[in-house]
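Protein chains in written order, with the numbering used here: chain H, 649 to 768; chain A, 649 to 768.
In short, the hints are calculated from the structure, not lab data. Predicted model, so just to flag it, every value in this text is computed and none were measured. Where hints are given, some of them may not hold.
One copy or two, either will do: identical chains are not told apart, so a pair holds if it fits within one copy or between any two.
Claimed, not checked - Here are the computed lysine to any residue pairs in the SDA-like style, where the Cα-Cα straight-line distance is at most 20 Å:
no.	residue 1	residue 2
1	K655	R708
2	K655	D762
3	K657	G753
4	K657	R697
5	K655	G671
6	K655	T763
Number of protein chains: 2
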Amino acid sequence: MRVGNLKVKMQLLCGDEIAFGPGKADLLEAIDREGSISGAGRALGMSYRRAWLLVDAMRRCWSEPLVDTLAGGGKERGARVTEHGRAVLRAYRALEGEVAELAIGSVLIEGVRDTPLPLT
Amino acid sequence: MRVGNLKVKMQLLCGDEIAFGPGKADLLEAIDREGSISGAGRALGMSYRRAWLLVDAMRRCWSEPLVDTLAGGGKERGARVTEHGRAVLRAYRALEGEVAELAIGSVLIEGVRDTPLPLT
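Whole structure, please, built from the sequences with the hints as guidance.
Shown next as structure tokens:
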């Protein structure tokens with residue numbers, strides 16, 4: 649997430665895996681819109697394999713599913729974000745918003761040039 | 649910065665450069681303790697070149713210096729964190745602390761396993 653010149657990245661860890669972060673938040677939103685993992689991947693310019701790996705990491709990292717998939721005949725039939733998935737997404741976006749507000753109020757934003765001086 | 653299973657990375661950008669972030673915050677603290685860029689790099693297990701590049705990026709990104717260096721005879725004589733550098737560092741650490749408090753109060757932290765299920 650970017651606010652002015654401040655970039656904030658929040659990742660929720662599960663051992664060495666990332667249970668949730670910016671990429672998975674975007675993917676959940678895209679699955680919600682597109683109704684499938686493949687459609688969501690396409691909408692985000694992400695390979696099906698990459699999108700599937702992110703969904704699988706969420707499945708392995710959370711005690712309750714964030715995404716329900718409907719498999720059939722070796723082909724994906726569609727996917728939907730569960731209520732729990734929606735709640736996690738809301739909490740993540742809310743925390744991002746709160747962090748953004750803090751950042752805007754911080755003196756840290758001031759005193760930084762728009763572009764760096766050239767290398768010497 | 650890590651709070652429980654949440655990892656938060658805050659970077660202050662200046663064009664394509666990073667004006668301030670976790671590495672530069674640690675480096676300023678180390679320069680303050682060690683009194684030189686080389687000593688700070690050693691204390692952080694960082695090459696002199698890497699430490700110098702971080703200090704140079706700060707010099708090019710901020711309108712006011714965060715570090716004063718005392719050069720002499722081709723050799724570094726020492727470095728110190730300026731008042732402005734201290735103020736930026738304080739603001740950065742304060743913002744980290746506030747973000748940590750928000751995260752602790754968020755429902756996001758719950759429901760994540762300690763370790764992921766194995767790959768299938």
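May I ask which of the numbered hints given earlier this structure violates, with the numbers listed in increasing order? Going through the list in order, the structure violates hint 4 alone and respects the others.
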